[in-house]
Amino acid sequence: MKEKIEKFLLQVTKPARYVNNEWNAVHKDWSQVEAKVVFAFPDVYEVGMSHLGIKILYHILNQREDIVAERTFSPWVDMEDKLREHQIPLFSLESKAPLGDFDIIAFTLQYEMSYTNILNILDLAQIPFTWEERGEEYPLIIAGGPGAFSPEPLADFVDAFIIGDGEEIIVQFVDLYKEMQKTGKSKKEFLEEAVKLRGIYVPAFYQVGYQADGLIEYLKPYKEQYPLPITRQVVEDLNEVPYPDHFVVPSMEVIHDRITLEVQRGCSRGCRFCQAGVIYRPVRERSLENLHDLAEKLVEKTGYNEISLSSLSTSDYSCLPELVAALLDKYKEKRIGLSLPSLRIDSFSVDLAQMVQEVRKTGLTFAPEAGTQRLRDVINKGVTEEDLLRAAESAFSAGWLKLKLYFMIGLPTETYEDLDGIVDLAKKVAALGERIRKEKGIKIPIRITVSTSSFVPKPHTPFQWEGQFQLEELEKRQQYLNEKLRSKHIVFNWHDSHLSFLEAVVAKGDRRLGKAIRRAWELGCKFDSWNDYFQYDQWLQAFSDVEIDPNFYAYRQLAYQEILPWDHINTGVSKKFLIKEHQKALQEEKTPDCRFTDQCTGCGICPELKVETKILRRKNDAKVES
Amino acid sequence: MQKLRVKFTKEGGARYISHLDLMRTMERALRRAKINLAFSEGFNPHPKISFASALSLGVESQAEYMDVELAKSVNLGEVKEQLNNSLPGGIKVLEVEEIKGKGGAAMSLVEAASYQVKGKTSQVWPQERWFQVIRDLQQQEEIQIQREGKKGVREVDIAPLLLKIELLGLEQENFHLGLLVRSGSRGNVRAEEVLQALQKYYSLPLIQEEVSIMRTGLYQEQENRLLPLISLENEVVILKELR
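Residue numbers (this note's numbering), protein chains in the order written: chain A, 24 to 649; chain B, 100 to 342.
In short, the hints are calculated from the structure, not lab data.
Note that the structure is predicted; figures quoted are calculated from it, not measured.
Heads up, some of the hints might be wrong.
Residues from chain A that keep clear of chain B, each with C-beta distances beyond 12 Å, as calculated [claimed, not checked]:
1) P112
2) F228
3) P250
4) L494
5) K507
6) V514
7) W517
8) R640
Looking from chain A toward chain B, a few residues come up when the C-beta cut is under 10 Å (computed) [claimed, not checked]:
9) K30
10) K37
11) P38
12) A39
13) R40
14) N44
15) A48
16) D52
17) V272
18) M275
19) D280
20) G326
21) E356
22) K357
The calculated BS3-like cross-link candidates involving lysine-lysine, where the alpha carbons are at most 27 Å apart (straight line), are [said to hold, decoys possible]:
23) A:K30 with B:K219
24) A:K637 with A:K599
25) B:K199 with A:K357
26) B:K191 with B:K102
27) B:K191 with A:K27
28) B:K171 with B:K191
29) A:K324 with B:K133
30) B:K250 with A:K37
31) A:K463 with A:K427
32) A:K450 with A:K461
33) A:K119 with B:K217
34) B:K179 with B:K102
35) A:K243 with A:K205
36) B:K102 with A:K355
37) B:K133 with A:K355
38) A:K219 with A:K246
39) B:K133 with A:K353
40) B:K219 with A:K25
We put the CB at the ideal spot given by N, CA and C, even for glycine.
For reference, chain A alone in the conformation it holds in the complex (with noise of 0.2 Å):
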């Protein structure tokens, strides 16, 4: 197979990508192993490789001896057409075995509009795309991620999905596998079993029928041992579950290529367009020992010069002054920077973001979201103006001259007027920096780059009942802000809205979708993501074709009798919950973060899944917990 792939190589787009001398990267005698399983990323190497979830399971299921990790990813469409053309079916990196001698296959699922490429990557691979034709002979399909959480859409083409936090599972279900391997069962004996693992979904177990309407009527497990709802796995202590103290480093440079420390998992500032703040709760702090442990270990095995302190809100870990500042004075001399994203808007952040720049100067990203207090009440993003304008002028006085300002358009309930209070916002916030600028003497010009993306319900937050503005709306609203941003102090830039509007469609699927995703493969959609390869054209032919109304789906109001696609997938946060958090939204009322104020806001969450919150600190509380 190497020698084959070789003839070629130097005829493709970066070879490195296809290449396996990465260091850390790891090599097992097949003859050795008990169960085999490949990581599929489906997008390209230095997308894939710059995904934490990847690296940290990879990591556990190689400490096993008897379980052997690779990894695939979406080759580029160079290198497909050199595969297709040699007839050689895709490979793992590491033994540049072809993906069917492979046990498991298991793709990470981290945005919608990457499913074609998996199936791709199936097609690449020769192996059947629905689990109906996938006979003994092929691998098992498996997926995770924030996709698995609404799964409909792949339900024809997966075997099972793997619902919520997978360091303990990921081990629990191949040990399993590997137990009914040996005994000689088949996959569907083998799947009965797993179904009894918390978190798994075994869509082929579950009959869906159809109001009419086209409206669920109903989904129920064809048997009753079958589980309803499934619900979630968590890791209840991130201490206690392994973290890599070794990544793979790519021999080529890839998107995030440095360090991933993740000081945190879970968000519960509630925001009510996020699904990652509703499906990694509750918020659960790592230890500073066990951080600095882990800088160390990854540090000295992976060379990288720099650490970046990755959570969903990295400004929230409550050790996070004391943290910075160790990790810069401990690897100061040896030159290793930090790089701190996703910061609030506050003036402590900047202050914070200051200290790391001592090493290295990187831009600043605000996310503001919506342009008025009214929206951002609507939203629950609890930041004011003044907490704009305030960071903002820190960031200037620091020194910093260009700002990055991020904002959705189309949010529920978005007006006109909440429209020119992101053009106010950006030049208020132009003026203070010039104003700043020439005070301090500085003759480079301040440039703010307004980004927006269009805004899209997500199921499981409490948006999911939203239907989006319709497509010549949001273009309207794009070309109304690009109309008031003229100005040579402000940048303005745009998501493709028709990009939006599929993800919508996607994310809100039922099971008839696979069908259209399937079609929309067959006509030649891949790497949607990609702007030179997003094809709307095809992606309305193949739903025409199957006859299925995208509007239906990305357009219409929920109501909240209806059973939800995702209904079955239980997150830990309740309904009820989910349902007075829109309300509020509507009344524009604002729900506080329980982190800060110990008040139960009565998600869910806790209860539901038996864990707690993890906060090292509380606020006026000096001691550390351990």
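Using the hints provided, position chain B relative to the given structure of chain A.
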């Protein structure tokens, strides 16, 4: 402050590492080997690592060189092993030497490079044909090839830069060539360009997918002799004897 010159290989999978990525790969390996690097001053400090010569993507090498400046001196005996324990597959340190005094950077020293090219033709070229072609090519006053650069394709005359071509082996369609060419600031020829000339002027029926190229040496020039960049006692080529 200590300055090291490191000779290393870049073979197998490592030949797909681009020049820019090699810089990162080396910095990481040096860090993993716990070698204290010296950094440039300024806003965005970077380690003081420089390579003697860029290698085309896909070309292997048994003779790459980099200069590294250190913040803390190392034991020369140990540094090779430490580094070899920290390098990804295909890259191996062969020799490490300390550069004392004002010795020029490896990059500024390079005047020539040698390559071995293995390839396959779609029909057999007999030995006599090869000999005749090689003789003829070396006598040309002008050899124009197409070189792709940042500003598009341009014509380059490689005749004055071609020092020596020899046939090292031949078995049916499989040939094995040795090349010695100019390299560095005063002019540069890539091994692929010599093949291109053979195709252009003599219609060499080359199968492109079957070509493999190995750089075997980088040389500095002293008094009409070509010497390697370190371990000067080895591999001396007398320039006058060429052509």
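Report task. Would you settle whether the hint for A:R40 is holds or violated, based on the nearest Cβ-Cβ distance to chain B being less than 10 Å? Result -> Check passed: Cβ of A:R40 comes within 9 Å of chain B, closer than 10 Å.
Query raised in the report: Taking only the CA atoms, is the gap from A:K30 to B:K219 under or equal to 27 Å?
Result: The given pair, whose Cα atoms are some 12 Å apart, holds under the 27 Å limit.
Query raised in the report: Do the alpha carbons of A:K119 and B:K217 lie within 27 Å of each other, as the hint requires?
Result: Since the Cα atoms of A:K119 and B:K217 sit roughly 25 Å apart, the hinted pair holds (cutoff 27 Å).
Query raised in the report: Do the alpha carbons of B:K179 and B:K102 lie within 27 Å of each other, as the hint requires?
Result: Distance of about 14 Å is within 27 Å: holds.
Query raised in the report: Does the CB of A:M275 sit less than 10 Å away from some CB of chain B?
Result: holds (5 Å)
**Report entry** Minimum Cβ distance from A:P250 to chain B greater than 12 Å, as the annotation requires
**Finding:** holds (45 Å)
Query raised in the report: Between B:K199 and A:K357, is the straight-line Cα distance small enough, at 27 Å or below?
Result: holds (25 Å)
Query raised in the report: CA of B:K133 to CA of A:K355, is that 27 Å or under?
Result: With Cα atoms ~15 Å apart, B:K133 and A:K355 stay inside 27 Å; holds.
**Report entry** Restraint check for B:K191 with A:K27, where alpha carbons must lie at most 27 Å apart
**Finding:** holds (25 Å)
Report task. Return the status of the interface hint for A:A39: holds when the least beta-carbon distance to chain B is below 10 Å, violated otherwise. Result -> holds (5 Å)
Query raised in the report: For the hint on A:K37, does the least C-beta distance to chain B fall short of 10 Å?
Result: holds (8 Å)
Query raised in the report: For A:K507, is the shortest beta carbon distance to chain B beyond 12 Å?
Result: holds (36 Å)
Checked against the numbered hints given earlier, this structure breaks hints 16 and 35; the rest are met.
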